[in-house]
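Residue strings, one per chain:
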Amino acid sequence: MGFFDRFKKKNKAQAAEPAKAEEAPKAAAAAPAPAKAAVANAGQPTTKTGFNPYPAADLGELLPPAPAGGKIKIAIYWTAACGGCDVSILDTNERVLTIAQFADIVMWPVAVDGKEKDIEALDDGAITVSLINGAIRNSENEHMAKLLRKKSVLVVAYGTCAMFGGTPSLANLVPGGASEILDYVYTKTPTSANFQKDYHADKPVVPQTEIQVPEGTLTLPVVYDTVKALDQVIDVDYYIPGCPPQQESISHLLKAVVDFVYNGVALPPKGAEIGVTEKCLCDECPRKKEYARITKIYEPYQVNVDPEKCLMDQGILCLGPATVGGCNARCTKAGQPCRGCYGPTQLVQEHGASALTAIASLFPVLDDDPTCDEQQIIEIMKTIKDPLGYFYAYTVGKSLIQRTVVEEKA
Amino acid sequence: MADNFEPLIVTFCCNWCSYAGADNAGVGRRQMPPNFRIIRTMCSARIDPEFILRALSKGADGVMVLGCHPADCHYIGGNYRARRRIALIRLVLEQYGFDPKRLLLQWVSASEGEKFQKTVVDFVDTIKALGPTPIKSKKQKDMLTNAVAIKEE
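Protein chains in written order, with our numbering: chain A, 1 to 410; chain B, 1 to 153.
Keep in mind that the hints were calculated from the coordinates and are not lab data. As the structure is a prediction and not an experimental result, all values here were calculated from the model. All C-beta atoms in this analysis are idealised placements derived from N, C-alpha and C, irrespective of residue type, glycine included. Watch out, some of these pointers could steer you wrong.
Unchecked claim - Chain A regions said to be covered by chain B (calculated; three or more residues, Cβ under 8 Å):
hint: 1; segment: 218-227
hint: 2; segment: 349-357
hint: 3; segment: 378-388
hint: 4; segment: 394-405
The shape of chain A in the complex, shown without the other chains (with noise of 0.2 Å):
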């Protein structure tokens, strides 16, 4: 069995799911305009985290065509995000084009040409959909996340970096903050160190957030020290992790939007978690463990990796075990240790915590080596040279510490 032959059976295994959450009452109410009550009889958040698993499903086929009362309205913004979330949207392939069938999309920075003044002229909650991708950074972020809520019946935090912070919350990392990376990146970096000490050698030119011109005032966002995710700023209804989500994840969002617009059917829960599973990604993971007792770690390229033998087993650090499951295991399939872009499982707050935790055991205790001490441990995690940046890679901003601390008393 290939590997695509592989993940074909797992779609149509999971295909099946979804029909059993469509027998959830259906809404007296057929409009296709946002209806406000539905989404208040959806229900409140069963867990404690306020995240519901909403198992991924394939749309199965094409989106039916525009709703009897008018096509309702989508917006699609990035704040700080690479992109590949808006990329990961066209991986519903041929989908995406029926979306325009049911659907204005009035905002989408990378292919519509929307602008903001566009959104402030439309009437609160006249946006049916908002997917926001992307953490939030400066003040212009926060600006237009808190817009589109205001716009938007349901706004959706698309991807990882929405969800959690993710890779841009690193930056919470930096102890200075917002001041100490653009000092860095404008006077330090050998590039515009040269380029400041060349030409500006007085007073090196950095960008400003406020400038007069005789024209009037010119501003630029200001970069926030601290990185927020998406529901730390404004109320979210429902969350897609993956870096990017994947394509089951969106379709099975659409489904849902198109469902409550077309058939009135009740949407997921508030809070609901869209396209992952209850366990752990090893449970979808097609590896074998065998319990073996590291002492060593690699990387993926130091080491010739066995096709069917667990990563973690191989001394290779996965986050599988900490990590939640919806994405069929890819990375794993494919040799690569899973990073942890779907982030921890429900009940879980701490990604990077639980996934110490899990690789804790992998150290040689009790029965080989109950000497082991800490001392011993740290040699081995040496090999790691920044363990905060390696377990809370997606999630820095979603974390309990949230960003680094400065001791008075260093």
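Here the structure of chain A is known, so what remains is to put chain B in place on it, guided by the hints.
Same frame as chain A, but now just chain B:
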């Protein structure tokens, strides 16, 4: 730091050794500074690194994890596991900017009331020397709320 700084210390004690050790210290009427709050767990291996991070994020000045001596664990190997986790979480705390001395792992058996007293006294002294947790500082709060950027705007 001001002399009147009284640290707040969260202490995790395992049910079988250290909690009994703390009882022993009490029965023996040993003098201890009242800065610590004990949370009893069944085993030191029950202490998820998340507990420690949560304690620190809520403003604890220090965290003590007390368990059975090696080879004495009620569950045979729990304290070895705890030791490995603490070693790893200490690396993380250090990278977050905390002084690693704010987290202490110590073995206290049920009969060691004296050692419990000594551990507490020493740890309170250590934390008093370190000063209050940087989590509570105004600078940290400003950083977290992006106060500077929002004011500028």
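Results for each hint:
1. 218-227: Result for this restraint: holds, n = 5.
2. 349-357: holds (count 7)
3. 378-388: holds (count 5)
4. 394-405: With 7 residues closer than 8 Å to chain B, the segment 394-405 of chain A meets the three-residue bar; holds.
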